[in-house]
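2 protein chains.
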Amino acid sequence: MTQQIDQGTVDAEQWRALAQQLRVDSIRSSTGASSGHPTSSMSAAELMAVLLGKYLRYDFDAPGNPANDHLIFSKGHASPLLYSMYKAAGAITDGELMTYREFGSRLQGHPTPALPWVDVATGSLGQGLPIGVGVALAGKYLDKLPYRVWVLCGDSEMAEGSMWEAFQHASFYKLDNLIAVLDMNRLGQTRETMDGWHGDRYAARAEAFGWHAIQVNGHDPEEIDHAYAEALEQEGVPTLVVAQTKKGRGVSFLEDVDGMHGKPVKPDDEAKALEELGADNNLLVEVQKPDSGGETFTAGLTGELKLPTWELGDSEATRNAYGKALKAIGAAREDVVAMDGEVSNSTKSEEFAETYPDRYFEMFIAEQQMIAAAVGMSVRKRVPFASTFAAFLSRAYDFIRMAAISGANLRLSGSHAGVSIGEDGPSQMALEDLAMMRAVHGSTVLHPSDANQTAKLVAEMADTDGISFLRTLRPSTPVIYGPDEEFPIGGSKVVRSSNDDKVTVVAAGITVHNAIEACEQLRREGANVRLIDAYSVKPIDADTLRLAVRATGGRLVVAEDHWPEGGLGEAVLSALAGEGAEGLRFEHLAVKIMPGSGSPDELMDAAGINANHIAEAVRGLLNR
Amino acid sequence: MTQQIDQGTVDAEQWRALAQQLRVDSIRSSTGASSGHPTSSMSAAELMAVLLGKYLRYDFDAPGNPANDHLIFSKGHASPLLYSMYKAAGAITDGELMTYREFGSRLQGHPTPALPWVDVATGSLGQGLPIGVGVALAGKYLDKLPYRVWVLCGDSEMAEGSMWEAFQHASFYKLDNLIAVLDMNRLGQTRETMDGWHGDRYAARAEAFGWHAIQVNGHDPEEIDHAYAEALEQEGVPTLVVAQTKKGRGVSFLEDVDGMHGKPVKPDDEAKALEELGADNNLLVEVQKPDSGGETFTAGLTGELKLPTWELGDSEATRNAYGKALKAIGAAREDVVAMDGEVSNSTKSEEFAETYPDRYFEMFIAEQQMIAAAVGMSVRKRVPFASTFAAFLSRAYDFIRMAAISGANLRLSGSHAGVSIGEDGPSQMALEDLAMMRAVHGSTVLHPSDANQTAKLVAEMADTDGISFLRTLRPSTPVIYGPDEEFPIGGSKVVRSSNDDKVTVVAAGITVHNAIEACEQLRREGANVRLIDAYSVKPIDADTLRLAVRATGGRLVVAEDHWPEGGLGEAVLSALAGEGAEGLRFEHLAVKIMPGSGSPDELMDAAGINANHIAEAVRGLLNR
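As they're listed, the protein sequences go chains A and B. With the first letter of the first sequence counted as 1, position 119 gets the number 175 in the numbering used here; the numbers rise by one all the way through. With the first letter of the second sequence counted as 1, position 489 gets the number 545 in the numbering used here; the numbers rise by one all the way through.
Just to be clear, a hint being listed does not mean it is correct.
Each pair may be met inside one copy or between any two copies, as identical chains are not told apart.
Stated by the list, open to error - For lysine to aspartate or glutamate, the following EDC-like pairs were computed, each having C-alpha atoms within a straight-line distance of at most 20 Å:
1) 230 <-> 248
2) 648 <-> 661
3) 319 <-> 406
4) 200 <-> 347
5) 648 <-> 521
6) 558 <-> 573
7) 319 <-> 672
8) 362 <-> 336
9) 345 <-> 314
Derived from the structure by calculation, the hints contain no laboratory data. These figures come from a predicted structure and were not determined experimentally.
Chain A with its partners taken away, still in its complex shape (with noise of 0.2 Å):
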């Protein structure tokens, strides 16, 4: 029989009843699946049974309420037990609970927006905590709305880095509406953590990081609402409640046992389970909606966007455009928000964090936690732009990756593209960017030639969803393109063409320069070459290369400046593959050793990426 929990009048009698059920309905779900986590879930129950019977603040039948509380199961392998929440608030029955993991069924293996109470999806392990700093952050300066995030973290995560990170930048930026509760088990998948029990050493590195550090029983209900309550008070620091449970608490054969993790009670230990368990209540908690309803986030459009121009022979870097064009959209636009990994002066965002510092977050040199803000960010209905050096957004691709599965909407921009940066050397140039950023699912890439070009992409870019990546370059370049010239994404520019073009040129970003220089050589001795700036690398403009490649017999040169996979000329194969490839006769220019120093014309060259190299690689296609 159903009996209502309210959370004004809730008692630790009433916590330890719902963290049973929330026990039962954990391990039902993943037995009835045969897969899943079962006992990572049953060690948090008393901590989550406390927050959704007392803490939680949160409209579940209007989950945009902008006053929401979030919750954000870092260790997201305990889906069952988030489920078994949402089933105990009345935000799912019991029957979709029983769909856990079924094809189709909203109640994934790991948490994932499809359902509408979760932010960001989790299951790469210590990503929802840097999450909910990037939410924390837009709560307490961008909205400024009382909701709190909390955060539910593994103690096998806290081995990952990148939750250090979410600890420092917490604390620099005093998130005291964030409280991360540790639900330390002691036990991983397939041994001991590396602290065990130690309470005191996670509490004594989160104070270290500035933090405020509770260390409770997490089995008691009583010390989890003192701590919880504690934290709330806290001001200018976060706080992280320790909590010592037992992983499978609550069943006998489960409770502190190795070898138990992802593993569901196998159907004949069901019920003896759920026996142990003893809840066959039907709780159901009346969640308190927020106090303050506030107005959801809606800004678009707040100015008219007044995008950079240059004039035609000008010479600007991609970066600079980059910078200057987001000025801009900042000033057209109040929702665009901007980050940077402590490069902001040479990935040109600087022109925006010191326009607009209130809505610029320095990230540091921290870049999983940048882009884990700008997850915040987007779940905040934000436009974020985050940007370092290409090359280390290598650093985050899991979170991009991860970013894509919560169908988060980011704009990132990596400058310092490929061998053209010069002197520093390889460990600055990207050169695995495209083919990473190509890999990302519904992901739009963007690789601009000259400054207009990436002026309107980037104001582009504010208006497509998904994840938009775009390769700017260190060195200065021509502009080749009036001011008043379109790009859509998805297109391309035909720079050079005439009647009796015999070879197709592909470029993008310096190869575009590279390749007007070659055209030059190449008329010169008569040769008529069709050269396309494939500006889009994803979406590719599959139309006019199709007919740029007919139109030239079949004989087609990509030049890039990337390792020759997964970047341009394979963007250029799987778009003219099909129909197009007739007859291909195909040469690829692209980064075949590894560079060292160098001017970047001394690195080109070396590269086999240069204006004579194309020249040289087309005379050799006129000849088959």
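Starting from the known structure of chain A, arrange chain B on it as the hints suggest.
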């Protein structure tokens, strides 16, 4: 005039003079190059003068001497300081120093093993310390030699989570042979660091992670001397020396001045700077060779390799075959070591871990530290195999990228590829790993479909230089190859062929089995298919592909459990591009929608990569 410094009798005055010389040379080399980081070098001059002048044990004539200390500049941008040290040690001439950052010079913008005394490339921050942990692990547990690992860290990079992974692992493994020297110069690239000169914070964090911490004035040689002596006395704990320093120290217009990051002194100001530093000596440090020479570790095949075998028709997951093969290789070779991201019962490295616990290093849920440890093992001439879910290797992509620049020899095994994992959902599915790993310079990418093939490939990986990656499957698959078949890297297997093949199907891993099923369907319909198992995705067997596509009238289906970008499909297109693509009719079956949970069969059906979809694609091509 050259003056010798004897490590046995060095005094504070000599250290000071040496520090000034290191500053002078840092300025001269970077001003000569018109780029580089003199100010970040100058802050650490005394720290490195005391180290070089007294503590470092290194045979510069024999960088391969196994007893040499290791010195890693985690703050790789301070390369002018490192190269100035090499000059002061007599390892390079002043002439070579002045080639800094020139094309072809060994003295690149950031350190790389182009210089024989540099273990690993740095320049992506936060990597030197975790790699130092790997070297120290090898020193303490494998080499059992008394060398020390000295790591110079910057304060900006303390924001990288990977640094804290290193702190945790160094303490867990009691690495008293590891000394981290923190050059706390307060200033980052664009602003003050999050912690400024609060050395107490860094010390408290290090202590909370189980380290010994010592705070010093980083410009006082005697304090530094005492700190290093104290560090060497520690037993069972690593030491962090927190040194308060000033960026640009010693030159009035550089010292502690913001906005001077990464800026060389202008030629016009050089004389003034050098005059302020006042060093016109040519000090040469007689660096002592290590006490104990030791033997270079050269273990190769130490026993006969007896790979596990399976019979045709058996069923086994390729991840299981990996585990059994790795154990067998461990028996045959004592240079093989393994590590895992605390999922060894999923990746199946547990078999090795149980049998060779002395050569297994549990890296817990810290993938960056895992790859860094593998790099450190490679520095120490071991043959490391590191494993986790392939999806989570994305967490360490920057480390893998940098490992390629280091020329490290790593073997990576990534399990749980693709949607075929089933119920756990997209967070656990590797769908970008082929793209990611192909776009690593010099990499080898393998994706076996059966157990015997897996075992042979694992054995080949042990003999393969560079970075090799094995992609394994979660579910069991039928054994389709006999135990005596060979699977050379760069090869492929023609699984089905006849004299009348109409379409070529290329598959790898799970899709080989789907394709076999499709072939059976199609054969019943009278359509013969040539099926190629492209287990070697990079390098790929272009000859066999070309032959097959020609024999089947250009009709080609590629089926892969991966996003469409950068994986098997594009690898095949790249291999065929050039001559082979005459009249290609291409269908690419890959994962184009975001998967959820479900059974492997349901998910492969939804993704369009199961037998029915392959058969349908073949039928479609038959009519083209």
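Do the hints match the structure? See the list:
1. 230 <-> 248: Answer is between: at 17 Å across copies they meet the 20 Å cutoff, but 33 Å inside does not.
2. 648 <-> 661: Only inside one copy: residue 648 and residue 661 sit 12 Å apart there, 38 Å across copies, limit 20 Å.
3. 319 <-> 406: Close across copies (17 Å), not inside one copy (50 Å); limit 20 Å.
4. 200 <-> 347: For residue 200 and residue 347, only the intra-copy Cα distance (14 Å) is at most 20 Å; the inter-copy one is 63 Å.
5. 648 <-> 521: between (34 Å within a copy, 17 Å between copies)
6. 558 <-> 573: Within one copy only: 17 Å inside a chain, 45 Å across chains, cut-off 20 Å.
7. 319 <-> 672: Classified as neither; 61 Å inside a copy, 38 Å across copies.
8. 362 <-> 336: neither (64 Å within a copy, 56 Å between copies)
9. 345 <-> 314: Classified as neither: same-chain Cα gap 40 Å, cross-chain 48 Å, threshold 20 Å.
In summary, the structure is inconsistent with hints 7, 8 and 9 from the numbered list given earlier, while agreeing with the others.
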